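Colleague: Just so you know, the protein sequences line up as chains A and V, in that order.
Counting from 1, one number per residue, gives the positions in the first sequence under my numbering.
Counting from 1, one number per residue, gives the positions in the second sequence under my numbering.
Note that these hints are calculated values from the structure, not bench results.
Source: prediction; values computed, not measured.
Some hints here could point you the wrong way.
Stated by the list, open to error - Simulated pairs of lysine-lysine, DSS-like, Cα-Cα distance not exceeding 27 angstroms:
(1) K523(V) / K26(V)
(2) K446(V) / K411(V)
(3) K85(A) / K167(V)
(4) K296(V) / K389(V)
(5) K190(V) / K167(V)
(6) K290(V) / K158(A)
(7) K225(V) / K84(A)
(8) K267(V) / K84(A)
(9) K411(V) / K84(A)
(10) K384(V) / K112(V)
(11) K85(A) / K190(V)
(12) K393(V) / K290(V)
(13) K123(V) / K389(V)
(14) K472(V) / K410(V)
(15) K176(V) / K83(V)
(16) K276(V) / K504(V)
(17) K85(A) / K26(V)
(18) K459(V) / K472(V)
(19) K466(V) / K411(V)
(20) K158(A) / K504(V)
(21) K144(V) / K190(V)
(22) K190(V) / K209(V)
(23) K176(V) / K84(A)
(24) K158(A) / K123(V)
(25) K393(V) / K410(V)
As the list claims (entries may be wrong) - If you anchor each label on the Cβ, the simulated ranges turn out as follows:
(26) G75(A) / P381(V): 15 to 25 angstroms
(27) D293(V) / L138(A): 25 to 35 angstroms
(28) L103(A) / D192(V): 40 to 50 angstroms
(29) K389(V) / L103(A): 51 to 61 angstroms
(30) K85(A) / K207(V): 25 to 35 angstroms
(31) N246(V) / K85(A): 49 to 59 angstroms
Where is the CB? At the ideal position from N, CA and C, for every residue including glycine.
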Amino acid sequence: MLGYILRRLIATLPVMLIVAVLVFLMLRLTPGDPAAIIAGDNANNEQIALIRNRLGLDEPIFTQFFIWIANILRGDFGESFFFKKTVAELIASRLEPTLALSLATIILAVAIAVPLGVLAAYKHGTLIDKVVMGFSVLGFSVPVFVIGYLLIYLFAIKLNWLPVQGYQRIADGVGGFLQRLILPALTLSVIYVALIARMTRTSVLDVMNEDYIRTARAKGQVEIKVLFKHALKNAAVPIVTVIGLGVALLIGGVVVTESVFTIPGLGRLTVDAVLARDYPTIQAVILLFSLVYVLINLAVDLAYTLFDPRIRY
Amino acid sequence: MASRSLRMMALVVAAALAFCGAAGAKTLRASMHSDLKIVDPIWTTALITVNHGYMIYDTLFALDAKLAVQPQMVDRYETSADKLTWTFTLRDGLEWHDGARVTAEDCVASLKRWGARDAMGQKLMSFVAELGAPDAKTIRMTLKEPYGLVLQTLAKPGASVPFMMPKRIAETDPQKQITEYVGSGPFIFKADEWRPGEKAVYLKNAKYKPRSEPASGLAGGKVAKVDRVEWIWIADAQTQVNALINGEIDFIEAPPHDLLPLLAEDKNIELFVFGKSGRQNALRFNTLHKPFDNAKIRLAVAYALNQKDLLDAVIGTPRWYVECKSLFPCGSPLQSTTGWDDKFTSDFAKARALLQEAGYDGSPVVLMQSTDIASLSNLAPVTKSLLEKAGFKVDLQAMDWQTLVTRRTKKDPPNAGGWSTFLTSWASVDILDPVAASFLNASCEKATFGWPCDAEMEKLRDSFAKETDPAKQKAIAEAVQLRLVDYPTHLMLGQYVQPQAFRKNVVGLLEAPSLALWNIEVK
């Protein structure tokens, strides 16, 4: 197992290198010049060239790339073109809100979606099944920002239960932290709930006619035990896979949700950096997102062994 | 240095403690038009940084609500008979936020740094033979020849304001950003609470000595009436509106025009326009390439367009806009429609006749459309439609603003990655005269993107700069406007104002050329 983890971690390196090359090239090939943006409306070409020189953007693209890679290997992700901060500092300051939002979303989504999916499978073909599946289709179809606005309208403006926007760090009080996290997490979890509930229903349905389910029932097991102990555990591998793959979906959703709810996380940082063509920040954030995605896939692969003893690494 | 840092820290701590301890301490929570990313107002022209500058720095002169120049940090000033020597005496009691006294030397260093970056500052400095501080309260400026815009330049609002900073900070290389944020203005920047992408915080400067005159525009007594100001960055316009309705913020600096009816319906919210002079929409020509290398073809555009259609497309209701054919903003001293009364009438017959006379060969007009700025996006399709009706062939190319900003610096032909024209807008206070309006700069290679090249226009701009008699300045400004008919560098497409939205418990907002957050109370 340890050898497998080590091999997977080593395999991460070429993946990250490819991501680095791609993100670097894409940014350089995308129209937009940070120097012209920084220079503002009154600048002439001479002043813009001066800024470009100071940022090192007038160097050949290969030189820029190798300087960047060499700096990363030394643990230096560079300094943001716009914020007078190192990229590492910027990311560190934005990590907590995004982590909190992502974790809350996953917890909420799993807590809602898995029982819903199991229920839909158990009540297969009934009204409950159709309602759950209808909700799934709706969850997929409605854009995240629309769900966000609807929830804000209901819970913040009409009922006045929760704030419209903002984020409170956990160190400044758990109550405020949770109060501000509920709506964004609920918003972001809708699409995730739809995805997981659908997959749970299908997977559980697949195993419901297996011999061991019939055996469990014949032994007089109560239905809830049959469903959650026997059926769900055997159906878990595809569900865990979907939860892992859904992280990519989550990253995209975080960008929108953080904008709608004014959460100062990595999603907003990405949007701001892209709009300003802040190359060092965009590059570092994309690398971080890629690394997280690769590691989550590894975690998902390892989680298979918990649910299916036949899987060995 | 250590003692200065300690003094500064003590002052901020004292201000913070006073804030925490004061019963009923008042906080103004404002949602600004942009996030505060850069805090050096000399290094960048970003409007949000200018707003930040007015919070913590002060200026030697300032414009009042009627756009007239008034002394601010300066107590009195005099000019020699030959108009070559200007002497400015600072007010008593001016202090930096670190407790040190404001000296003339600080101001001289500040003017030199600003003069190295700002276009109007550079122009002023090109006339300056000597700038010095004969004593701690006196600034002396000796000119090579009379310059008619000394006070207007020192009082300029808008982009790149001559803010005063301590000498040690002002001596920072103008090409680099400052790293210490000490001013002498009515608020103190709380750098430790500044979280880019989230919020910026300012505390009342209890030691600030306001002028005795009532506050007017950016001039007069700047009295901070709240203990703390928080600029909360809310990127999403709809969320800004929801937060204001819900009472989570007190003020929105720039709500989009299409959401104004929603705000106007709420009984707890009021709309207010602090900048009555507003902004002017403009169409910029690239004079290097066909078809706009021909002045007559550029003039044909003026006949083809009309301001009403364009303003309706982006602002909607005439309550917030005004059709204005003046080159210099309507409501400003140099307002005039001389030479332009018959333009912007969508007189397609006249436009077609001009195109024929100029020998227009059907070269496509590459019109760059910025799609991510609501106040600009809709201008482009309307412009395209009107130009096509006049006989132009138009290639509308959509892109985000940052791409446009980059592409407009390219001198390549329009069909090889260059451009022919684009639409933008200026704060009216940035285009009050022929020197300030950078689109009138027709110095060829040294001009901004579009690179107009016209010796006559440059001669007029120079004579405006040297003229000290306001009546003669006005006559020269009219001559510039007439010259623009023969040599259009850009076209003015109407003026609009940006209302602010605030909750009714916020009182004391000032009409001013830039956002002024002093004088405001939260009841």
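Colleague: Hint by hint, note whether the structure agrees.
Modeller: Do the hints match the structure? See the list:
Between K523(V) and K26(V) the CA atoms are separated by roughly 8 angstroms; this keeps the pair inside 27 angstroms, and the hint holds. Of the pairs offered as hints, the one joining K446(V) and K411(V) holds, with about 13 angstroms between alpha carbons and a cut-off of 27 angstroms not exceeded. Note on K85(A) and K167(V): the hinted pairing holds, with a Cα-Cα distance of about 24 angstroms set against a maximum of 27 angstroms. At roughly 17 angstroms between alpha-carbon atoms, K296(V) and K389(V) fall within 27 angstroms of each other, so this suggested pair holds.
Distance restraint check for K190(V) and K167(V): the Cα-Cα separation of roughly 21 angstroms lies within the 27 angstroms cut-off, and the hinted pair is therefore satisfied. With a C-alpha separation of about 57 angstroms, the suggested pair K290(V) and K158(A) falls outside the 27 angstroms cut-off, and the hint is violated. Restraint check for K225(V) and K84(A): the C-alpha separation of about 31 angstroms exceeds 27 angstroms, so the hint is violated. Under the criterion of a C-alpha separation no larger than 27 angstroms, the hint pairing K267(V) with K84(A) is inconsistent with the structure, at around 41 angstroms.
Straight-line distance between C-alpha atoms of K411(V) and K84(A) comes to about 32 angstroms, which puts the hinted pair past the 27 angstroms bound. The hinted pair formed by K384(V) and K112(V) fails the criterion: a straight-line CA distance of about 44 angstroms is larger than 27 angstroms. With a CA separation close to 17 angstroms, the supplied pair K85(A) and K190(V) stays within the 27 angstroms bound. Restraint check for K393(V) and K290(V): the C-alpha separation of about 12 angstroms stays at or below 27 angstroms, so the hint holds.
Simply put, K123(V) and K389(V) have alpha-carbon atoms about 42 angstroms apart, too far for the 27 angstroms limit, and the pair is violated. For a cut-off of 27 angstroms, the pair hint linking K472(V) to K410(V) is broken: about 38 angstroms separates their Cα positions. This hinted pair does not check out: K176(V) and K83(V) have alpha carbons roughly 34 angstroms apart, beyond 27 angstroms. Distance restraint check for K276(V) and K504(V): the Cα-Cα separation of roughly 20 angstroms lies within the 27 angstroms cut-off, and the hinted pair is therefore satisfied.
The suggested pairing of K85(A) with K26(V) is violated, with an alpha-carbon distance near 31 angstroms, which exceeds 27 angstroms. Proposed proximity of K459(V) and K472(V) is supported: the alpha carbons are some 15 angstroms apart, at most 27 angstroms. Using a Cα cut-off of 27 angstroms, the hinted pair K466(V) and K411(V) is violated, with the two alpha carbons roughly 32 angstroms apart. For the hint linking K158(A) to K504(V), the alpha-carbon distance of about 20 angstroms falls within 27 angstroms, and the restraint holds.
Distance check on the hinted pair: K144(V) and K190(V) sit about 42 angstroms apart at the alpha-carbon level, beyond 27 angstroms; violated. Taking the CA atoms of K190(V) and K209(V), the gap is about 20 angstroms. The hint holds against a cut of 27 angstroms. Between K176(V) and K84(A), the direct Cα distance comes to roughly 11 angstroms. Compliance with the 27 angstroms bound is thereby established for this hinted pair. Taken as a hint, the K158(A) and K123(V) pair is broken in the structure, with Cα atoms around 56 angstroms apart against an allowance of 27 angstroms.
Pair hint K393(V) plus K410(V) holds up; C-alpha atoms about 21 angstroms apart against a cutoff of 27 angstroms. Remark: the range hint 15 to 25 angstroms for G75(A) to P381(V) is contradicted by a beta-carbon distance near 49 angstroms. Our hint of 25 to 35 angstroms for D293(V) and L138(A) is violated, since their Cβ atoms are close to 57 angstroms apart. The hinted range of 40 to 50 angstroms is not satisfied by L103(A) and D192(V), whose Cβ atoms lie roughly 28 angstroms apart.
For K389(V) paired with L103(A), a C-beta distance near 57 angstroms keeps the hint of 51 to 61 angstroms intact. Judged by the Cβ atoms, the range 25 to 35 angstroms given for K85(A) and K207(V) holds: they are separated by roughly 30 angstroms. Separation of N246(V) from K85(A) is about 32 angstroms and departs from the stated range, judged on CB atoms against 49 to 59 angstroms.
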